[in-house]
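Required output: the full structure, derived from the provided sequences and hints.
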Amino acid sequence: MQVAEASAVTGVDHFIENFLIAVDFQEAIEITPETEIAGLAEWDSLAALGVIVMFDMEYGKTITGNDLKASRTIADLFALAA
Amino acid sequence: MAYAILRNVRYAGLASCVPGESVSNLDCPPEQRAERERLVRNIGIEHRRVCAPGVCFSDLAQRSAETLLDKLGWDRSEVDAVVVVTQSSDYAYPGTAVLMQDRLGLPQSCLAFDINLGCSGYPYGLFAVGSMVSAGHIRKALLLVGDKSTNTDSKDMGFVVLFSDAGTATALEYDESAPPMHFDMHSDGSGYKAIYCPAGGNRMPLEKHHLDRVVGPDGVMRRAVDIVLDGPAILNFSITRVPPAVNALLEAAGVQAEGVDYFLFHQANRMINETIRKKLRLPVEKVPSTLLDFGNTSSASIPLTMTMHTRERLQGAGGKALLSGFGVGLSWSSCIMDVRGAVMPALVEY
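Protein chains in written order, with the working numbering: chain R, 0 to 81; chain X, 5 to 354.
Just so you know, the hints here were simulated from the structure itself, not pulled from any lab data.
Possibly wrong hints are sitting among the right ones.
Okay, derived cross-link-like pairs now, DSS-like style, lysine-lysine, Cα gap no bigger than 30 Å in a straight line [as the list claims (entries may be wrong)]: (1) Lys68(R) with Lys159(X); (2) Lys212(X) with Lys68(R); (3) Lys60(R) with Lys283(X); (4) Lys60(R) with Lys197(X); (5) Lys324(X) with Lys283(X); (6) Lys159(X) with Lys197(X); (7) Lys282(X) with Lys324(X).
Listing some non-contacts, in silico: residues in chain R with all C-beta distances to chain X over 12 Å [said to hold, decoys possible]: (8) Thr31; (9) Lys68; (10) Ala74.
The beta carbon of each residue, even a glycine, is placed where N, CA and C say it ideally should be.
Listed below in structure tokens is the structure:
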């Protein structure tokens with residue numbers, strides 16, 4: 000169980016690293032699984048496209064614009080990558 | 005129909021023409037500079053060519069065709085067909101190809117018609133014209149491809165920063181010694197709303213209020229006569245449909261990727277094109293791009309890229325090219341051909 004929890008933490012940390020590369024924000028920001036996506040100052044359509052590419056290339060998943068809109072937090076988004 | 009092969013068709017030549025006026029996506033107030041640099045970094049488009057007022061796609065295509073005919077030394081009376089692929093015709097009707105028959109001084113025996121396709125249009129046009137040539141009915145043909153996609157009136161910055169204008173002319177000729185051309189073509193009309201213009205056709209005839217700007221559900225201000233782009237849908241379509249189609253064509257044609265000198269993709273934007281390239285595991289040097297200097301030139305982007313980056317190589321010993329276009333429709337098409345010996349003059353500016 001502890002191993003599983005550690006793996007999940009590593010997974011979400013890596014996901015956040017990928018997310019920050021994908022959105023290419025100009026200002027460095029701190030992101031946690033609880034961070035609300037729509038509240039990110041630089042979140043825009045370009046960032047959304049970057050995240051869609053990230054899902055395809057890094058996780059082999061196709062997500063839609065509606066999937067992104069329905070994801071309130073980074074954790075919600077991470078769940079789509081599972 | 006997915007796969008087809010055409011024989012007896014020689015890719016005789018290609019010329020491309022763009023407006024002389026270049027605009028920069030980095031031309032903005034200083035406070036917007038950092039945001040624009042991020043945009044350019046991600047879409048890969050810095051400069052775009054924009055037609056001067058009153059200049060149409062057909063003017064660019066005509067200049068290309070005149071340049072090409074002169075370089076080829078073709079007598080205009082010998083041209084049996086002129087086919088235009090565009091979504092920016094001079095008039096709602098007649099089609100542009102018929103106008104080009106007259107403006108280019110082609111004979112009245114010349115067959116002329118338009119094909120309404122956008123970014124997938126170059127391989128489609130090659131197939132349509134190539135099929136007529138292959139059958140022996142047409143000996144010499146011109147294929148005019150491109151669009152005036154820019155709209156200086158648009159307030160949709162997601163649209164404005166992408167598009168650029170270009171017109172191209174390709175010559176095909178009946179030749180029994182020509183290497184075969186391989187094609188793979190697809191359509192998915194269920195996705196038409198990913199790229200479409202709602203008003204001005206017969207489904208939604210133009211009314212005065214269609215010229216009013218309103219903010220849509222996506223937060224973008226447009227008129228009903230402006231093009232709607234669904235970025236996520238276009239992206240997903242492109243990166244999931246194109247790589248398997250390219251692989252399927254290579255397999256059907258019995259061609260190894262290593263044996264192809266250039267992979268010429270429609271120039272959509274950097275995110276899309278780089279994702280496709282990486283999924284196909286293609287080396288950068290085999291996938292030339294004109295995005296930085298010419299943006300997305302719709303159906304002209306493949307031939308324009310051939311003119312800008314590959315014309316010397318493709319005319320020489322290594323002439324095997326794989327072309328792949330994808331976009332409005334939704335529609336996607338690919339082609340493998342050998343263009344050795346083709347006449348390819350340098351870029352023409354209008």
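Compare the structure with the hints numbered earlier in the document and write down the numbers of the violated ones, lowest to highest. 2, 9
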